[in-house]
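Number of protein chains: 2
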Amino acid sequence: MAEPNFLGAIQSLPQFQASAEAMRKGHLRQLFHENPQRANEYSIATEVMYFDYSRQRVDKTILGLLLELAQIRGLKKSIDAMFQGAIINTTERRAVLHVALRKSGKTDCKEAQEAQRVLAKIQKFSEEVHSGKRVGVTGKPFRNILAIGIGGSYLGPECLAQACAPYARPGMRVRFLANIDGTDFVNCTKEWDPAETLVVIISKTFTTAETMQNARTVKEWLLQGLHSHPETIAKHCVAVSQNNAKAILEIQALGLLPESLFEIWDWVGGRFSVTSAVGALPLSLYLGYDQFQEILKGAEWMDQHFQNTPFAQNIPVLCGLIDIWNIHFLGCTSRALLPYAQGLARLPAYTQQGEMESNGKSVTQDREHPTPVTWPTGEIVFGEPGTNGQHSFYQLLHQGTHIIPADFIGFIEPEYPVRNSKDIVSHHEELLTNFLAQPDALAFGQDNPNLHSNFPGNRPSNVLLFRKLDPFTAGVIIAWTEHRIAVKGFIWGLNSFDQFGVELGKMLGKDIRGRMERYHKSQELNLTTLNPSTQKLLQAIMHKKLP
Amino acid sequence: MAEPNFLGAIQSLPQFQASAEAMRKGHLRQLFHENPQRANEYSIATEVMYFDYSRQRVDKTILGLLLELAQIRGLKKSIDAMFQGAIINTTERRAVLHVALRKSGKTDCKEAQEAQRVLAKIQKFSEEVHSGKRVGVTGKPFRNILAIGIGGSYLGPECLAQACAPYARPGMRVRFLANIDGTDFVNCTKEWDPAETLVVIISKTFTTAETMQNARTVKEWLLQGLHSHPETIAKHCVAVSQNNAKAILEIQALGLLPESLFEIWDWVGGRFSVTSAVGALPLSLYLGYDQFQEILKGAEWMDQHFQNTPFAQNIPVLCGLIDIWNIHFLGCTSRALLPYAQGLARLPAYTQQGEMESNGKSVTQDREHPTPVTWPTGEIVFGEPGTNGQHSFYQLLHQGTHIIPADFIGFIEPEYPVRNSKDIVSHHEELLTNFLAQPDALAFGQDNPNLHSNFPGNRPSNVLLFRKLDPFTAGVIIAWTEHRIAVKGFIWGLNSFDQFGVELGKMLGKDIRGRMERYHKSQELNLTTLNPSTQKLLQAIMHKKLP
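Read top to bottom, the protein sequences are chains R and S. Heads up, the final residue of the first sequence is numbered 547 in this note's numbering, and it's a clean run with no missing numbers. Heads up, the final residue of the second sequence is numbered 547 in this note's numbering, and it's a clean run with no missing numbers.
Please note: incorrect hints may appear among the correct ones.
Note: identical chains are not told apart, hence a pair may lie in one copy or across any two.
30 Å max Cα-Cα, derived DSS-like pairs, lysine-lysine [said to hold, decoys possible]:
| hint | residue 1 | residue 2 |
| --- | --- | --- |
| 1 | Lys124 | Lys106 |
| 2 | Lys521 | Lys246 |
| 3 | Lys106 | Lys422 |
| 4 | Lys545 | Lys124 |
I should point out that these hints are in silico values taken from the structure, not numbers from a laboratory. In this text, all values refer to a predicted model and were calculated from it rather than measured experimentally.
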């Protein structure tokens with residue numbers, strides 16, 4: 001990299017410190033007071049969404065500096081490199097091409113061609129299921145989709161399934177089995193008839209411990225429920241995985257047909273994979289392929305906006321830069337994601353993975369010579385849908401000692417037009433009164449001589465307004481999340497696309513599993529090399545007795 | 001208060017700074033290495049739970065200082081005052097007596113007698129429902145419980161309903177309608193037959209906007225589904241509320257019978273109310289009264305532990321003190337709550353409200369002369385059940401630049417004994433391999449010359465081990481959460497029992513609602529006094545067109 005690192009870039013812009021100091025002393029009330037055009041100047045209107053960042057603690061100088069920072073850090077080059085399929089996942093030597101997954105129309109991009117090929121296969125398969133051409137071993141049509149997967153093979157599909165539930169095909173149901181906790185298996189299967197259940201096993205490597213064990217258990221549930229019909233697994237199970245020798249062996253070992261594999265590729269990271277077969281297969285089965293295609297169109301809209309819009313008008317770029325501003329200069333270590341839509345109840349969990357797994361890093365992206373970062377990176381993301389969160393953690397947002405920037409996401413139209421005869425405002429309008437009120441309450445506060453009722457305000461937020469939560473919009477939101485993450489990683493100089501931080505826990509877990517297995521075989525519990533605290537816990541667990 | 005405030009107390013213990021400095025440079029590896037007895041000395045074994053805080057970055061000196069801090073801040077006195085019903089909710093001039101809700105046996109405490117009286121009524125009512133003595137207007141027995149409530153009238157009951165689902169009465173189902181978003185209403189009602197549905201409307205004041213509007217909409221759903229049978233509301237709806245004139249009027253206006261009111265009191269705060277009728281009524285209907293009583297027994301066990309155990313062995317006291325240590329001296333602003341149990345999937349959301357609404361405050365508790373605090377208070381709490389979180393945000397926990405203390409909660413026995421014939425370890429054992437591995441990975445890390453795979457460790461956590469997630473244990477966990485919150489509030493000098501921070505947003509929302517209502521009547525949209533950003537948003541919403 002020819003560019004200076006993040007801190008070097010910040011330091012090359014000495015105005016940053018002065019602006020930050022001034023802004024830390026300033027107040028949003030003042031910024032609005034000084035500039036009656038703030039609403040227009042600090043917002044971006046597009047044909048599919050409106051983005052209002054006027055309640056962020058930034059001014060034109062700061063935005064200018066952030067854009068300079070982006071230039072010094074080569075953001076445009078990084079974005080282009082991503083879209084062009086350069087090996088930007090340096091540590092794993094992979095391209096990062098989730099944007100190719102939703103590239104529509106004729107294309108020279110090999111990866112996009114591959115993606116389109118698999119999508120066509122998914123379309124055919126899901127249409128066969130929906131038309132009744134493809135049925136279970138008893139001849140009953142499939143109406144239950146059980147998607148087994150965890151992390152990136154779970155959070156995105158689950159989030160989108162909930163968001164798009166009003167668009168589901170009549171009679172189709174979907175559940176997501178992620179947790180190895182047997183309670184999740186029981187919850188997912190207890191009310192379902194195996195004869196009507198199609199299982200989608202999703203794992204990039206087809207070796208993920210939880211997913212494989214859940215798959216084996218679900219396989220036995222199917223076989224038991226279907227009287228060990230010899231075609232049970234072949235007819236009731238399909239897989240989403242990479243197409244490599246090891247995965248194929250696993251898929252065959254489980255008893256699936258080779259043609260039941262819906263392919264993904266190493267250029268799609270797990271947490272960026274919801275628009276691949278990972279999401280496409282279960283969601284096309286649940287919603288119908290055309291609805292899933294709407295999701296792709298929404299994501300592609302955002303891809304094009306991200307790739308082609310000047311940074312000063314670029315929504316994910318501005319979001320990412322402002323996040324960095326809040327983290328670096330205002331000392332915010334967390335961010336609240338507040339969708340005013342019950343259908344987006346799982347967007348915070350999805351985004352949590354995206355942000356925290358991508359940018360929860362402490363070393364620079366250089367493969368051979370990474371250096372420890374000396375600046376704060378990825379923030380903690382949390383949230384609940386509005387208005388629920390208002391009756392929960394918003395007290396801290398308004399009056400706590402920590403400043404937590406918030407994203408408010410709202411929709412002009414409801415998913416369902418619910419109203420009763422007594423209330424003049426509909427449910428959706430009542431929801432939106434809150435969506436409008438909260439950002440102002442946070443930003444402007446209210447002075448009160450009674451300190452208990454004093455609201456200092458000056459708490460920053462974004463407001464995103466969409467027409468309606470439908471599959472297209474859900475696709476826009478997903479891609480917005482993906483690109484905002486990438487922007488931050490590029491600016492900070494992280495590799496947002498690997499996740500070595502999950503390996504140590506897996507390794508230690510495997511070691512414990514070995515001890516448990518040996519205990520079952522020999523009744524001898526090997527505690528050597530474990531620290532005394534873990535020894536006590538493992539003994540308690542295996543001997544089924546509290547310490 | 002005769003005691004010095006929090007900062008004064010900290011400053012009166014100058015050793016704190018030196019210890020903190022040393023601990024910031026030290027490492028958990030070293031602490032374990034130096035003291036082979038650390039597992040025993042930094043853990044508490046009781047008959048119902050085991051609490052291991054050996055992986056916290058504390059030593060005996062620091063624990064001694066924290067206990068001195070508790071003494072200087074009069075913690076024992078505050079706890080006793082709470083149990084004795086003193087007016088410790090100073091701003092609202094109320095006692096804080098959720099502990100009276102689960103006091104069993106004969107008692108002189110008037111509030112406990114009241115609570116027992118209402119519990120007896122709940123027992124009778126739920127037994128009548130279960131025996132078929134009390135049925136809907138068509139004569140069908142009730143099998144669906146629809147609980148309408150938000151915030152404290154929702155998160156606790158929902159969390160416990162999920163945690164105790166294996167103990168539900170066969171055939172009974174419960175859903176929680178919280179969000180004003182009509183999607184929540186549709187999701188809750190679309191598969192249910194009104195004839196079999198009993199509605200529990202929960203609101204302390206019976207004026208909560210979301211709950212009342214949802215109640216009116218559900219009322220019309222019932223009437224429509226039951227052909228406006230004149231006894232529909234009387235037979236299908238009950239209320240949990242305070243018994244005051246205003247609430248009674250609201251209850252009658254809705255058409256409920258006066259005897260359908262199950263009482264709560266102003267000495268129970270919303271977020272501490274799950275062991276009152278708020279939780280007791282829906283959960284007794286769903287689980288059976290005896291199972292709910294187990295929850296009460298578990299909570300009472302923790303109450304007694306909290307009230308009677310010396311602080312050095314007192315689990316919620318130690319948890320609270322260590323939280324303060326992590327926040328104040330190690331600079332941690334958030335905490336991850338990681339139940340290794342799918343049944344506790346909503347414990348983080350429940351705890352989020354408890355912690356962040358109680359201690360997300362910036363002024364001291366004094367009613368007349370509060371002072372702004374000059375120290376960080378309540379932390380951000382977030383989490384997902386293990387192992388799901390491992391495939392999501394744990395990357396940041398292990399390798400991020402922010403240190404996030406974590407609570408691991410595990411159970412020796414599973415809720416359901418799920419295993420397949422291929423895996424030697426059961427699902428639950430596999431879950432526990434992770435529960436054991438993660439705290440060690442965080443605490444000890446692993447040096448690696450390849451910085452991408454380097455784990456610095458030194459990341460603190462608690463480990464809590466219980467026998468089994470059953471109603472009793474769920475009650476223990478709820479009360480543990482409540483008391484840990486109170487400990488922090490007492491030490492910081494906050495009033496953890498009010499929530500004035502939610503008022504401004506409500507007020508602004510009401511203002512917007514007025515504008516919407518006028519618009520519906522007159523087609524004129526009044527934008528005066530709104531700031532330009534909100535004007536644009538409100539116009540977009542009412543004109544149904546993006547800006």
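Here is how each hint holds up against the structure:
{"no.": "1", "hint": "Lys124 - Lys106", "verdict": "within (20 Å within a copy, 69 Å between copies)"}
{"no.": "2", "hint": "Lys521 - Lys246", "verdict": "within (28 Å within a copy, 67 Å between copies)"}
{"no.": "3", "hint": "Lys106 - Lys422", "verdict": "neither (54 Å within a copy, 46 Å between copies)"}
{"no.": "4", "hint": "Lys545 - Lys124", "verdict": "neither (54 Å within a copy, 37 Å between copies)"}
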